[in-house]
Structure formats: C-alpha cells, structure tokens
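A.B. asks: Chain B: place on chain A using the hints.
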Amino acid sequence: MEIPSERTGVLILRVWVEDGRPDGFRARIVPTGDRHPTAPCAVSAVDDVLTAVRAWLDQLLEPEG
Amino acid sequence: MTLRLLKSFALSVDQNRVPISSSAQRLLAFLALQNMPRSRTYVAGMLWPDVTASRANANLRSSLWRATRTGHQVIDASAQELAICKHIDVDIHVAATRAHRLLDMSRPCDDILTAQTREDLSADLLPEWSENEWVLVEQEQYHELRLYALEAMTERLTAAGRHGEAVAAGLAAVRAEPLRESAHRVLMNAHLAAGNRGAALRQYEQCRRVLLEELGLEPSQTLRNLVPAHSGGGDAAIPAPSGSGGAATPTPSGSGGAAPELPTRRIVCHPASEVHHPASQTPAQGTDTSAPAGTVPA
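Residue numbers (my numbering), protein chains in the order written: chain A, 6 to 70; chain B, 3 to 300.
By construction, these hints were calculated from the structure, which means they are not laboratory data.
The beta-carbon is built from N, C-alpha and C at its ideal position, and this holds for glycine as well.
A portion of the hints provided could be inaccurate.
Said to hold, decoys possible - Distance windows between CB atoms, simulated: (1) A:12 <-> B:79: 29 to 39 angstroms; (2) A:66 <-> B:133: 31 to 41 angstroms; (3) B:15 <-> A:58: 44 to 54 angstroms; (4) A:24 <-> B:60: 27 to 37 angstroms; (5) A:67 <-> B:126: 24 to 34 angstroms; (6) A:13 <-> B:95: 44 to 54 angstroms; (7) B:110 <-> A:59: 44 to 54 angstroms; (8) B:51 <-> A:67: 16 to 26 angstroms; (9) A:67 <-> B:60: 41 to 51 angstroms; (10) A:65 <-> B:162: 43 to 53 angstroms; (11) A:30 <-> B:108: 25 to 35 angstroms; (12) B:71 <-> A:66: 41 to 51 angstroms; (13) B:74 <-> A:13: 42 to 52 angstroms.
Chain A extracted, bound-state conformation (with noise of 0.2 angstroms):
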C-alpha cells in the first residue's frame, strides 16, 4: 500500500530578463505550502535564485521536531 509522503511543496520561480540593460535577470520565488511559510522573494542574479531554491529545499528536508 502506498503511502504518500506529508513532505511535498511546490517553488514557483517566475523569471524574466529586462530589455534594455545587461543586468536585466530578475526572478520572483514564491514558495507554498504550509511546512515552513516563507514570504516571496524578488532576486536580481542567478547565483541569489539558486541560493534561495537551496534553502528551501533545506527546509522541506530538515528533520521533524
């Protein structure tokens, strides 16, 4: 018998690049689910994305208790 996991969540990463200009990356992260609510963050750089997409997963993976 399956038993599902109470560990899941959904990381909605909307990005875009602004015309006209070389630093023109920019990425909204909105996480969801309700193991660790975290506000929605807006980054200017890849390297701020991957950094943020880590510690959310840290989270979902962290021990219980």
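C.D. replies: Quick look at chain B alone, frame taken from chain A:
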C-alpha cells in the same frame, strides 16, 4: 450557465448563484481548466495527490455525486472520462482568448479594448486556492499571460488616444508585477501621450523606489530617457545612478555622502499582498542603507 474562476469561484445561471459544495467546486474548476475530457484516474490523482489512489477515487466519486446535487448538468461523466459540460461559459477562457488577441499586433482588436477585458486581466485565477498544486500551475500560466496582455492593452489604448483607459490598464500591469520595467514604461508612455509629464515622472519615481527597495537597482536608461531630465526640477527629477554600470551601486535618494552603499544584490522578502507600493506611500524599510531583515547581501 456561467462559471467564474477569476477572483473567486462562482457558478451561475441567469445571474443567480448556484450553491455547490467545495469539493464539487474543485472538481468543476479543474475540469474547466483542462478544457478537454480527462480520465477519472488522472483527475483523482491531480485533485488528491496526497492520499492513496483508492482514497482519491473515493473522493472523486463523492465530489461527482455532490456536483449532481446542484440540480444542473455541469459534468459529463462516462465510465472512463470526465469533462465539463459544453454549455457552460468559463470566464478565464474568454479572458485568455482576448489576451492572445491583444498580443497579436497584426490584428486590430478595438472591440475588446473594454473595461471588462481590463477587469478580467487584472484578476488572478482562484487566488484563494493556492493550497492546490494544480491550481498553482494554472495560476502562474494565466498570471504570465495577463502581464503581457495588460501591457499590450495599454499600448493599444495609448495609440488609440484613449489615454484615461490606457493609464488604467497600465496601472493594472504595474500592480500585477511592480518589478517589470516594461509595465512602468507603457504606463509612463500613456501619461506622456496624455500630456501629463508630472504623472509620468511620478511613475518613474515609483518604479525607481520599488527597484531600489527590492533589488537595489536603478531603472534602466531606456526608462530614464522617457522623461526629459530637466522636467519640473532639473537633474534631481531623474537621478542618474552613481555607479558606472547604472545598477550596481545605487545611491539612495536623499542620502548624504556619509551613507553606506547598498549591497549590490539583495533578496528582500515580503508578503505577496505587499508587493505593490502605491506612489503616495513612503519608502519602506528596504530603502534603509543598513541591511534589513530578510536581506541577503550578494
């Protein structure tokens, strides 16, 4: 019969709301967004992903039964597949069709440059249902579509000389994503076309404030070029970025030389409902030159 999914769920017949249980609402909304028949197994798995398959199938049967209790035929159910009844008009389908027409610049679409179109494109899909993963995906797809469509609508209304409506559409575009410079740009163009340079300048300042607060960046040169540098206050009206690249090391407006520089990149977290900052609102904590809570220096 009409089904409203923008802003909130409402099933209506001749303007009269049809009571329907929450589980049947979810089933009907899901089928409406699929816009094609789906197998019972697929529907059960998507709507109840966190329970066993047998439990999900039982939930589906229960929801189907509850849907029949509306007293109206709303779902076509065969032994294998489910679909929303074809006679039901779904608002998001109309809105999405209009959005695609607005984005097709090869075609005129004066007939849909209406307040109703703007209203539909200003609303998110079932915003209170974010706990459902399948809704999140659909929400994002429509959100993305409406961002572009609102900007296109603003440009079309500006070109048609309908300045007031253009500004309203532009404001909706900015509200949908305050960090999009393209949204600020079309709104500023609408103000300028109406001869309202002061409003365009205020919009520029709002864009600048939001970008500084949330990203520590200055607006692009393209946006700065929209408003003449000497309009209503000399060079101070449109401050140039202090860094050579225009965005790396912004200087907060009104700060003296002793103020420390902002971090070059920042992550500023805030509730989604606080994304939009009205022009009249004073800058929030994020403009402080000290690192605010939730800020991650690069």
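A.B. asks: Starting from the range 42 to 52 angstroms, see whether the pair residue 74 (chain B) and residue 13 (chain A) falls in it by beta-carbon distance.
C.D. replies: violated (34 angstroms)
A.B. asks: Does the Cβ distance between residue 66 (chain A) and residue 133 (chain B) fall inside 31 to 41 angstroms?
C.D. replies: violated (21 angstroms)
A.B. asks: Should the hint that residue 30 (chain A) and residue 108 (chain B) are 25 to 35 angstroms apart at their CB atoms be regarded as holding?
C.D. replies: Given about 30 angstroms between the Cβ atoms, the range holds.
A.B. asks: Using the Cβ atoms, figure out if residue 67 (chain A) sits within 24 to 34 angstroms of residue 126 (chain B).
C.D. replies: holds (31 angstroms)
A.B. asks: Regarding residue 12 (chain A) and residue 79 (chain B), is the given constraint of 29 to 39 angstroms on their beta-carbon distance met?
C.D. replies: The hint (29 to 39 angstroms, Cβ to Cβ) holds, given that residue 12 (chain A) and residue 79 (chain B) are roughly 34 angstroms apart.
A.B. asks: Could you see if the CB distance from residue 67 (chain A) to residue 60 (chain B) stays within 41 to 51 angstroms?
C.D. replies: The hinted range 41 to 51 angstroms is violated for residue 67 (chain A) and residue 60 (chain B), with Cβ atoms some 33 angstroms apart.
A.B. asks: Taking the Cβ atom of residue 71 (chain B) and the Cβ atom of residue 66 (chain A), is their distance within the range 41 to 51 angstroms?
C.D. replies: holds (43 angstroms)
A.B. asks: State, for the Cβ atoms of residue 65 (chain A) and residue 162 (chain B), whether the hinted interval 43 to 53 angstroms holds or is violated.
C.D. replies: Since the Cβ atoms of residue 65 (chain A) and residue 162 (chain B) sit about 49 angstroms apart, the hinted range of 43 to 53 angstroms holds.
A.B. asks: Take the C-beta atom of residue 15 (chain B) and the C-beta atom of residue 58 (chain A), compute their distance, and say whether it sits inside 44 to 54 angstroms.
C.D. replies: Since residue 15 (chain B) and residue 58 (chain A) have Cβ atoms about 46 angstroms apart, the given range 44 to 54 angstroms holds.
A.B. asks: Starting from the range 44 to 54 angstroms, see whether the pair residue 110 (chain B) and residue 59 (chain A) falls in it by beta-carbon distance.
C.D. replies: For residue 110 (chain B) and residue 59 (chain A) the Cβ distance comes to about 48 angstroms; the hint holds.
A.B. asks: Go ahead and decide if the range 44 to 54 angstroms is satisfied by the Cβ distance of residue 13 (chain A) to residue 95 (chain B).
C.D. replies: violated (29 angstroms)
A.B. asks: With respect to the beta-carbon atoms only, verify the hint that residue 51 (chain B) and residue 67 (chain A) lie 16 to 26 angstroms apart.
C.D. replies: 22 angstroms Cβ-Cβ, so the 16 to 26 angstroms window holds.
Checked against the numbered hints given earlier, this structure breaks hints 2, 4, 6, 9, 13; the rest are met.
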